[in-house]
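*Asks:* What follows is the residue order along each chain.
Protein chains: 2
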Amino acid sequence: MGTFDTRPRFILSAFLMNTSSHILGGMWRHPDAQQDRFHELGLWVDLAKKLEDAKFDNLFFADVAGLYGDHEGGWASLARKGLQIPSHDPMVLLSALSATTKDIGLAMTSSVVQSHPFQFARQISTLDHLSQGRVAWNIVTSVLENTHRNFGAKSLMAHDDRYGWAEEYVDAAYKLWEGSWEDDALKADKKTGIYADPARINKINHRGEIYSIDGPHQALPSAQRTPFLFQAGSSPRGSQFAATHAEATFLFAPHPQYVAKKVAGLTQNLQAAGRSREDLKVFAGLSFVVGSTEAEAKALEAEYDQYLDPHAIIAHIGGGIGVDLGGLDLDTPLGEVKTEGAQGVLEAALASTPGRNPTLRDLAHYRAKAQQIVGTPEQITEKLLEWQDAGIDGLNVINHILPGSYDNFIEGLLPELQRRGLAQTEYAPGSLRQKVFGRGDRLPENHPAAQYRDAFGALSAAHLEKDLQRAR
Amino acid sequence: MGTFDTRPRFILSAFLMNTSSHILGGMWRHPDAQQDRFHELGLWVDLAKKLEDAKFDNLFFADVAGLYGDHEGGWASLARKGLQIPSHDPMVLLSALSATTKDIGLAMTSSVVQSHPFQFARQISTLDHLSQGRVAWNIVTSVLENTHRNFGAKSLMAHDDRYGWAEEYVDAAYKLWEGSWEDDALKADKKTGIYADPARINKINHRGEIYSIDGPHQALPSAQRTPFLFQAGSSPRGSQFAATHAEATFLFAPHPQYVAKKVAGLTQNLQAAGRSREDLKVFAGLSFVVGSTEAEAKALEAEYDQYLDPHAIIAHIGGGIGVDLGGLDLDTPLGEVKTEGAQGVLEAALASTPGRNPTLRDLAHYRAKAQQIVGTPEQITEKLLEWQDAGIDGLNVINHILPGSYDNFIEGLLPELQRRGLAQTEYAPGSLRQKVFGRGDRLPENHPAAQYRDAFGALSAAHLEKDLQRAR
Chain A
1 MGTFDTRPRF ILSAFLMNTS SHILGGMWRH PDAQQDRFHE LGLWVDLAKK
51 LEDAKFDNLF FADVAGLYGD HEGGWASLAR KGLQIPSHDP MVLLSALSAT
101 TKDIGLAMTS SVVQSHPFQF ARQISTLDHL SQGRVAWNIV TSVLENTHRN
151 FGAKSLMAHD DRYGWAEEYV DAAYKLWEGS WEDDALKADK KTGIYADPAR
201 INKINHRGEI YSIDGPHQAL PSAQRTPFLF QAGSSPRGSQ FAATHAEATF
251 LFAPHPQYVA KKVAGLTQNL QAAGRSREDL KVFAGLSFVV GSTEAEAKAL
301 EAEYDQYLDP HAIIAHIGGG IGVDLGGLDL DTPLGEVKTE GAQGVLEAAL
351 ASTPGRNPTL RDLAHYRAKA QQIVGTPEQI TEKLLEWQDA GIDGLNVINH
401 ILPGSYDNFI EGLLPELQRR GLAQTEYAPG SLRQKVFGRG DRLPENHPAA
451 QYRDAFGALS AAHLEKDLQR AR
Chain B
1 MGTFDTRPRF ILSAFLMNTS SHILGGMWRH PDAQQDRFHE LGLWVDLAKK
51 LEDAKFDNLF FADVAGLYGD HEGGWASLAR KGLQIPSHDP MVLLSALSAT
101 TKDIGLAMTS SVVQSHPFQF ARQISTLDHL SQGRVAWNIV TSVLENTHRN
151 FGAKSLMAHD DRYGWAEEYV DAAYKLWEGS WEDDALKADK KTGIYADPAR
201 INKINHRGEI YSIDGPHQAL PSAQRTPFLF QAGSSPRGSQ FAATHAEATF
251 LFAPHPQYVA KKVAGLTQNL QAAGRSREDL KVFAGLSFVV GSTEAEAKAL
301 EAEYDQYLDP HAIIAHIGGG IGVDLGGLDL DTPLGEVKTE GAQGVLEAAL
351 ASTPGRNPTL RDLAHYRAKA QQIVGTPEQI TEKLLEWQDA GIDGLNVINH
401 ILPGSYDNFI EGLLPELQRR GLAQTEYAPG SLRQKVFGRG DRLPENHPAA
451 QYRDAFGALS AAHLEKDLQR AR
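Quick note, the sequences are listed as chains A and B, same order. According to the UniProt record's numbering, numbering within the first sequence proceeds without interruption in unit steps and concludes at 472. According to the UniProt record's numbering, numbering within the second sequence proceeds without interruption in unit steps and concludes at 472.
To be clear, the hints were calculated from the coordinates, so they are not data collected in a lab.
Intra- or inter-copy, both count: the list cannot distinguish identical chains.
Dumping the calculated DSSO-like pairs for lysine-lysine here, alpha-carbon to alpha-carbon at most 30 Å:
#1 Lys190 x Lys298
#2 Lys298 x Lys369
#3 Lys190 x Lys50
#4 Lys298 x Lys383
#5 Lys187 x Lys50
Chain A with its partners taken away, still in its complex shape:
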């Protein structure tokens, strides 16, 4: 299993959402659970401090901009279960936490549907300034029909069209982040009275299928310029997008063998995109139940199991793939329900129960239990090494309860990970990108965003010449 001095550490993200019921449905009902207070700043300030003290790399906030698909014929049961409704904006929350933390990364999901790239790019740049380079963006296209209907569409856009939209969206944002302001444009020179040098600021004049954006970007270049990029597409088109754009991706996998297969595919796609395996960090979404003895861990697991709601977990999965799995017996085989467009999830669920035709109960098991590691610190660490060997660079630590699951992780498991060099004990200096890759604050030259560096200078010079002629 490799010796401890040659292994890389795990990058640690707390996998969160500004809502009461994120992944493990029903757990908010646990007496110690505080995620039902998600709307209060104090819950998050305390948790962020705890995670920063423990040297977690990242607060990762998932998000949706609308209801999940129908469950039991409508959305009433989603509201009753608090299943990602209500949910509050992650960028606004992370902005608040930028003022109460110093080192931890601030990652958020934002869909191309919900915010215009000019506005989004400016908000991200603003936050990257306030946080001194700690912002990460998880690029999503929104799979939920209600999201699209909240933003003017009559229905959900076709899958590949959504990726075309995302390609244009990131392209426009890259132009603003990387190409609009050259590095030494800011002068702020009180003697000459020149605040910024217009010869080094460029309009981008983006003209695309969806967006027309003149620019210039309104914000100064921040430490990272383009935020650290997450993307987690699992379809062939999504995986290709991730291989082209993402610096980190994450998957929900039932076991390391499944990870190895996925990572092999990603590695091929990275090469096709002119990038390499070292350019992409792969995270696994996992939950943990740690005990000082195996019996203690199993007792805590049994306690949590009492509050897990398999119907909520099935509503989450079904609602995400647009298939109403509500009102059915848990022993219904998945083959008996319509599951078009759900290949990725079903493939993973199937992989969690090899040799069987999975049922709804297996589906719930796949999300809640197959991705859960229970045991002593030593037992869990040994299992994590298998995930690392399969290609996992980082952990998206899923919680049962807030903040208790992170207390359990930090007090129970983290000392063992740190003792074996598998978790950091101090933050590296610099931006989130520098902390994670150790090779600079900005995207490397083989990333598509890099093409816009110094790309608009000639245009800008011509524009200035015209300015001067008109001014004469």
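Add chain B to chain A, keeping to what the hints say.
*Replies:* Leaving out everything else, chain B in the frame of chain A:
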């Protein structure tokens, strides 16, 4: 001038922008000025604390979402002067400050152009939760052509069409804030397992000229639901919009007589909209130079005057009304330059120099000097009473330098205002709206947003019935 025990206090806002050069162009070059550090969180955290310790009601952040109109034939001079470019997002900044303050109001400008109402309403609700009801929104339609060109338009939309857009925008937002979630929808009941009662959550199914939004609102009702509303339209259509929607408005007036005339018009418009003068707080934008003697104040004024850049001030005004006033001698009469659509500003400038055909120099004077009060605390207080008598409820305190102008105000003038009961010495409890009006956290019944309270319940009940039928 009235006795001191019957006068209301002034509501105090610090008039700010997340940029280096907001109103008083050139001042960033002052040796003590720190607004050139606007991109650093520390500047704002310290200033917010200072203003909160002084019991200011509000941090008011102006904003634009694009370049001002051309000056000297283009935008190069705007960048050189740092004239609101670069400028960073105010909502992201105020979210950060929500975590470092406790009582002070958090007001920001956001244009209907820059953010979809579904996204905007959710972000505002999120921030109103985090700040416990301290958010204010200054509704604007964007007068700058570049803003519209950053958001897909080929040119600036006609003025009255922009107000039609704003009417639909606030209408959709009111539905989300006031109508989507009924008051007792949140249960968070661990015993029954019901997080929210779907019978009390409503889709809004907004179908308008511009927006189609299903809902429901994703956020829980916040303390204020609809944020405290600022609007400062000065055209007839703009003034009518303010009278219908705003809880506070602000004007740049050269003297109290001009205020009195404007307030009379606003009062008429309020009555026409079924509201009254008590429903609207009127702020004046004023800057102050305080000295312990008149001579000391005048010396400080003379020092500031050295850094004021009249060309920057003219660029700001001309760029805002879409008229390039650059490259002209300061003694050019305004009548000789094309100034269509600029009635409001010219009327005010003219009022600042009665009996003369104003020049560009008069225009700069109107914005920089006519709205500046210089003197001892006693002298300034006497002048402020004239503004109060003319109808001013609050002051938008414009700064020359950050944070020095607020130090000067707080140390020099504020003790005198507080001694005379003209400024508060403690915060009232509750939300921003409660603090300002003293009559509850929510909009009163005569506000147009109130029509959406409990307006969607019948729809929702029908929807639930359908849900249940399908689920059976």
